[in-house]
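Protein chains: 2
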Amino acid sequence: MDDKKVYLSERDIPRQWYNLAADLPTSPRPPLGADGRPITPDMLSAVFPMNLIEQEVSTKRWIDIPEEVLEILYRWRPSPLRRAVYLERHLKTPARIYYKDESLSPPGSHKPNTAVAQAWYNKQFGIKRLTTETGAGQWGSALAFACNLIGLECKVYMVRISFDQKPLRKSMMRIWGGTCVASPSDQTEFGRRILREMPDTPGSLGIAISEAIEEAVSDASGKTRYSLGSVLNHVMLHQTIIGLEAQKQLALINEKQPDIIIGCAGGGSNFAGLAFPFVNDKINGAHITIIPTEPTACPTLTKGPFAYDFGDTACQTPLLAMFTLGHGFVPPPIHAGGLRYHGMAPLVSHAVREGLLEPRSYDQIRCYEAALTWARTEGFICAPETSHAVACVIDEANRAKKEGREKVILMNYSGHGLMDLAGYNKFLDGELTEYHLPEEELRRSLAAIKDLPKP
Amino acid sequence: MDDKKVYLSERDIPRQWYNLAADLPTSPRPPLGADGRPITPDMLSAVFPMNLIEQEVSTKRWIDIPEEVLEILYRWRPSPLRRAVYLERHLKTPARIYYKDESLSPPGSHKPNTAVAQAWYNKQFGIKRLTTETGAGQWGSALAFACNLIGLECKVYMVRISFDQKPLRKSMMRIWGGTCVASPSDQTEFGRRILREMPDTPGSLGIAISEAIEEAVSDASGKTRYSLGSVLNHVMLHQTIIGLEAQKQLALINEKQPDIIIGCAGGGSNFAGLAFPFVNDKINGAHITIIPTEPTACPTLTKGPFAYDFGDTACQTPLLAMFTLGHGFVPPPIHAGGLRYHGMAPLVSHAVREGLLEPRSYDQIRCYEAALTWARTEGFICAPETSHAVACVIDEANRAKKEGREKVILMNYSGHGLMDLAGYNKFLDGELTEYHLPEEELRRSLAAIKDLPKP
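Chains H and V, in that order, give the protein sequences.
The numbering of the first sequence is my numbering, which starts it at 1002 and goes up by one.
The numbering of the second sequence is my numbering, which starts it at 1002 and goes up by one.
Chain H with its partners taken away, still in its complex shape (with noise of 0.2 Å):
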């Protein structure tokens, strides 16, 4: 074993992921609908099948992942538990930094790790074809690629800026065999009414989450179901399986507990992909400090309140209870598009509110400087997402440097930046600025939130 890379066999992965909600010292609180009264898993199954729908509401502590998934996943899982000795010596610092490198699947993120999941339990269920929305294209892809290995239809709806200016997403969707368009489309009711009002929007999350849902609850066959990449409890669920890898390959070293953990947070499952686990030791008494990283531009964690708002900004989702910025909000167009949500996965909403985790924001600066070091010392480009990590791994080796100790530091490297370089250039030609969200427009997007119920 080097010391610079560990590989777990796959005899060695784990068989069950890991549910942090059996665990959580308090209760979080359900999900609502339009009456304000809790959803019931009936009132969902329309939109997702009864199977996810079990996993999003169980209590149970261990769930076991199917042969049939892991027999996919194998295509790069379990995925190389690396130590990033380059960046070590750059900074001097006498802590030990290692990183979950979840770049390596095909589509280049954590994210086919629930899309794999999604994809079986629908065709266990019956279903035939997924819909759903993607921004930049990384969800999109990795749910086109697992519909094709399941054997499931793809149909993605992209926000139409983006399907217009960034083509390469949308090219591996093709190749992996999805149907893509441009958001809002002529497809749906919703979409041909959008387009009649605004013939010239560049699209919304809001809208092609819109468009996905009305095309799977609209399907009279009820062939059809809809998927989210983030958010859920159930995504949260399949995304632990990083960390519990994580587990055993800090065991196949001989490393002790990490002392921290660091993952960037935008809806959240990459970030509880690596921390739940560890979340769970901290619940027995370990100490860990556990970092979610996010945007200034977006700062959910460290700005928003926790309440009750909906998921979408269209309002079609239940209400879900959650560190939000509002519904409405619409951030600044920074490059880490997986980092643009207004809201946070009730699970790691509920474990801040438990003080188990402590937020941090980064300025796309900082965070981008961080992207270049990492990249002249370790090798790698990393996603713009990923920086967001990077920047904090970085602050927190200075800092044991400054304190002499010999921390160990574990982060999710979740993606490649290799589709995303646009980001890069502008900033090396400086065409970048810091960006902090003003007090003022944080106030104006939560008053629309002031009347709903409160958690």
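Hints listed in this document are in silico derivations from the structure and should not be mistaken for laboratory results.
Warning: the hint list may mix true and false statements.
Pairs count within a copy or across copies, as identical chains cannot be separated in the list.
27 Å max Cα-Cα, derived DSS-like pairs, lysine-lysine [to be verified]:
{"#": "1", "residue 1": "LYS1093", "residue 2": "LYS1005"}
{"#": "2", "residue 1": "LYS1129", "residue 2": "LYS1093"}
{"#": "3", "residue 1": "LYS1005", "residue 2": "LYS1124"}
{"#": "4", "residue 1": "LYS1093", "residue 2": "LYS1402"}
{"#": "5", "residue 1": "LYS1403", "residue 2": "LYS1257"}
{"#": "6", "residue 1": "LYS1249", "residue 2": "LYS1006"}
{"#": "7", "residue 1": "LYS1408", "residue 2": "LYS1006"}
{"#": "8", "residue 1": "LYS1093", "residue 2": "LYS1124"}
Add chain V to chain H, keeping to what the hints say.
The following block gives chain V in isolation, referenced to the frame of chain H:
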């Protein structure tokens, strides 16, 4: 050890490169100067550092890999040997298909294996700055990556049309601190002359090579040299780490000698890197079919004569004894940019002459079909160059099925296709056609070399 991924630990990495020149049954013809006489090492010393020139002419069988070079390669080496079980199942073949995954290097191909070594030897020799040319940008980004880690300046002349149309690899060079200029440029005598004569030229590799060499040899301080990413003996040498790792990995899983070795061949370095250690086995009596694959649009080994020709369009290099389509040959713009070279490495060419290799050509339509099958079974998106190897692997796996034989097939997976998705799009849009080089055009191109010395 899983059967789908065979890892090698750092301590088991090969510590010497293998030099095929030591074992060829007859000696390759020497390079000739403008006067038709064999060139001497001194004549190359303005272009390359003497330590690499020594490697270029060496007939020593094993050459030590410097520890400092290994320390950089460890970022992604040893590369995994993977088994394509999902493709095997899809094809229902009794063949076992293995591939060396060279796509995992930070620049995404096998190129940095030699870029790192070349940068290191130049640094040792006291050089401060390397120049090179690049077409689509694979080689330029690999050299920028290597120079960044070794501590050299890197200047890349990128063919104008690629510079304008393919911004992605240009961004990679910037991220790693390289300087990339469009060629023809106003920074060399030759570039300025071309710009005066043809202000609207899209540029060519020949022009870019001339500019890069001019900048290297005209630096009065003597601290600049030129670097080439394929064709030359020392480049083949540095790539043999691929095949040497593969031999150790096959032994780890008790897999016998492969029956068939397959790699795509442009200048020859990725093919040679995997194949040469096995060519040695073949010279020593092993029964192995070793297949370099090339495009029917640029069929150097399958249609070209073995002749003395220049390595570049501008006739600046020594004359090399190799298979060639003529130095003035301009292949149609197929998307596998790395395979559009008129010549072939002298060592690969000589091994073909010795009957050790069985070259084969594939049309781009069959290659994209193969790449799509790969993406929809194995999951990964391969480079257009690599697809020429995948097409041959599928052929051989189907033949093994027909013959009912458990053949072992080993391929070099030279790179991922994430920077080249436009070609996939054109294929899926039905915009690509089969192309076989017309005899007439080949005759015309070869007329230009009829008065050169004969090997």
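**Study point:** Hints violated by the structure (numbers, ascending)
**Key:** none
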